[in-house]
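Q: So you can see what is in the structure, the chains are spelled out below.
Number of protein chains: 2
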Amino acid sequence: MRVGVFGTGDVGKTLGSALITLGHEVMMGAREAQNPKALEWAASQGARASVGTFAEAAAFGELLILSTLGAANPAVLTAAGAENLAGKVLIDTTNPLDFSRGFPPTLAVAGQDSGGEQVQRLAPEARVVKAFNSVGSPLMFRPNLPGGPPTMFICGNDAAAKAQVTALLGDFGWEVEDSGDIRSSRYLEGLCLLWVLRGAIHGQWGHAFKLLRA
Amino acid sequence: MRVGVFGTGDVGKTLGSALITLGHEVMMGAREAQNPKALEWAASQGARASVGTFAEAAAFGELLILSTLGAANPAVLTAAGAENLAGKVLIDTTNPLDFSRGFPPTLAVAGQDSGGEQVQRLAPEARVVKAFNSVGSPLMFRPNLPGGPPTMFICGNDAAAKAQVTALLGDFGWEVEDSGDIRSSRYLEGLCLLWVLRGAIHGQWGHAFKLLRA
Numbered sequence: 001m002r003v004g005v006f007g008t009g010d011v012g013k014t015l016g017s018a019l020i021t022l023g024h025e026v027m028m029g030a031r032e033a034q035n036p037k038a039l040e041w042a043a044s045q046g047a048r049a050s051v052g053t054f055a056e057a058a059a060f061g062e063l064l065i066l067s068t069l070g071a072a073n074p075a076v077l078t079a080a081g082a083e084n085l086a087g088k089v090l091i092d093t094t095n096p097l098d099f100s101r102g103f104p105p106t107l108a109v110a111g112q113d114s115g116g117e118q119v120q121r122l123a124p125e126a127r128v129v130k131a132f133n134s135v136g137s138p139l140m141f142r143p144n145l146p147g148g149p150p151t152m153f154i155c156g157n158d159a160a161a162k163a164q165v166t167a168l169l170g171d172f173g174w175e176v177e178d179s180g181d182i183r184s185s186r187y188l189e190g191l192c193l194l195w196v197l198r199g200a201i202h203g204q205w206g207h208a209f210k211l212l213r214a
Numbered sequence: 215m216r217v218g219v220f221g222t223g224d225v226g227k228t229l230g231s232a233l234i235t236l237g238h239e240v241m242m243g244a245r246e247a248q249n250p251k252a253l254e255w256a257a258s259q260g261a262r263a264s265v266g267t268f269a270e271a272a273a274f275g276e277l278l279i280l281s282t283l284g285a286a287n288p289a290v291l292t293a294a295g296a297e298n299l300a301g302k303v304l305i306d307t308t309n310p311l312d313f314s315r316g317f318p319p320t321l322a323v324a325g326q327d328s329g330g331e332q333v334q335r336l337a338p339e340a341r342v343v344k345a346f347n348s349v350g351s352p353l354m355f356r357p358n359l360p361g362g363p364p365t366m367f368i369c370g371n372d373a374a375a376k377a378q379v380t381a382l383l384g385d386f387g388w389e390v391e392d393s394g395d396i397r398s399s400r401y402l403e404g405l406c407l408l409w410v411l412r413g414a415i416h417g418q419w420g421h422a423f424k425l426l427r428a
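Chains as they are written, first to last, in my numbering: chain G, 1 to 214; chain E, 215 to 428.
Keep in mind the hints are simulated off the structure, nothing from the lab.
Quick caveat: nothing in here was measured; it's all calculated off a predicted structure.
There's no promise every hint is true.
Said to hold, decoys possible - Here chain G is said to cover these stretches of chain E; the calculated rule only asks that three of the stretch's residues, wherever they fall, bring their Cβ under 8 Å from a Cβ of chain G:
#1 258-267
#2 294-305
#3 360-372
#4 415-422
Said to hold, decoys possible - Some but not every residue of chain E turned toward chain G, in silico, with C-beta under 8 Å:
#5 Leu283
#6 Ala286
#7 Arg315
#8 Arg400
#9 Tyr401
#10 Gly404
#11 Leu411
#12 Arg412
#13 Leu425
To be verified - So these bits of chain E aren't anywhere near chain G, every CB distance computed over 12 Å:
#14 Ser231
#15 Ala232
#16 Glu246
#17 Glu270
#18 Pro288
#19 Phe313
#20 Pro318
#21 Leu321
#22 Phe355
Glycine residues also receive a C-beta, built at the ideal position from the N, C-alpha and C atoms.
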């Protein structure tokens, strides 16, 4: 599968490398086609890794992953181009974090809206699935925790898109819980804050949620 | 310990009965001192169970539990009386659920506020701890789930109050995760919705969250 990953941060690099490990082809997109972090990442990953602009990565990918800073989502999705997003599964890993009052952050968008809903509005023809937003990047691929595997909570409006992401999450070593349509991003982004708060309070970041089922 | 439980619904009865089982004395408070559901519950529980008004239950309890409908919180806490709440640990089990658009509900209070913060404002001299709000009543006491025990996420402004609730939750069979001050109710109430959504989507209600820790 060809995957376009938007973003050169820890999440983009982690997911990109994991997809390479699983045998997929990955183009990492950035504002500039010659982004140094993207080039360095691709050089470390071999022949199935490449770099490009957001638009080039969007055109390349059969599956797309949004892993830039949440605040950049409008600019990134505009740069990606609606024609390159249309009809594709777009995994939204971002959170609308507000650090203006320090750490821990709060949610800049909450209540009757969410970052995930904004992403779906920004890319109305994409099939947005919220995932990977409630755990840190070191645990995203093959998490090895006592009592695991952990559960990835996902949501989105398109059942087939969620089924595809569910299968991918299985390859990544996760159980999956479908929490409904994209409006449930409101709660998944709150779950991110619960994840962050444990880190902020205890100084420990190696944790993840699991849904215990009778 | 003497415990005042506000509310005669499933949560109030479940927590009241659990506390009786653990050897505590419980007064179930309702609007009317002779509430039939409270009387029936007390009759089933023996000598350590009693009934009273909200004010009588508040005066009786060293520990107080708010388990009425979230929409009733202002009326219940006013009826309980500020002088009966002052200085006491008040466990807020409620959620500000809005069923006006059908099922599943949404959060009537969200974004930069939460039900838990409202409760703390309504009872400013009580030491509010949010707990028991993200799981259904059948699992609140001695939950027996594969992979358990589950984790109760709690929050509140008073560390000693949270320590007391943490100990009680241990007696109930739960692990505990302190998610910070009462503002974290925003995320704990979102967690309630994730709990509800699994039930709404899958028709299964025997689930609970666990935090896996490295």
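Q: Count the residues of the segment 360-372 of chain E with a beta-carbon closer than 8 Å to any beta-carbon of chain G: does the count reach three?
A: holds (count 5)
Q: Quick check: the segment 294-305 of chain E, covered by chain G? Criterion 3+ residues, Cβ under 8 Å.
A: Violated - the segment 294-305 of chain E has 0 residues with a Cβ nearer than 8 Å to chain G, which falls short of three.
Q: Going by Cβ atoms, does Pro288(E) stay more than 12 Å from chain G at every point?
A: Holds: least Cβ distance 20 Å, greater than 12 Å.
Q: Is the Cβ of Leu321(E) more than 12 Å away from each Cβ in chain G?
A: Per Cβ check, Leu321(E) is inside 12 Å of chain G; nearest 8 Å; violated.
Q: Does Ser231(E) sit more than 12 Å from chain G, CB to CB?
A: Answer for Ser231(E): holds, closest chain G Cβ roughly 20 Å.
Q: Does the claim that Phe313(E) lies outside the interface with chain G hold up, using a Cβ gap greater than 12 Å?
A: At roughly 16 Å from the nearest Cβ of chain G, Phe313(E) sits farther out than 12 Å, so the non-interface label holds.
Q: Would you assess whether Glu270(E), listed as outside the interface, keeps its beta-carbon beyond 12 Å of every beta-carbon in chain G?
A: holds, 36 Å
Q: Against chain G, does Pro318(E) hold up as non-interface, every C-beta pair farther apart than 12 Å?
A: Non-interface label on Pro318(E) violated, nearest chain G Cβ at 8 Å vs cutoff 12 Å.
Q: Mind checking the CB of Arg400(E) against every CB in chain G and telling me if the closest is under 8 Å?
A: holds, 6 Å
Q: Given a cut of 8 Å on the nearest C-beta pair, is the interface hint for Leu283(E) held or broken against chain G?
A: Status violated, d = 20 Å.
Q: So, Gly404(E) near chain G? Judge it on the closest CB pair being under 8 Å.
A: holds, 3 Å
Q: Tell me if the interface restraint on Arg412(E) is satisfied: Cβ within less than 8 Å of some Cβ in chain G.
A: holds, 6 Å
Hints 1, 2, 5, 6, 7, 20, 21 from the earlier list are contradicted by this structure; the remaining hints agree with it.
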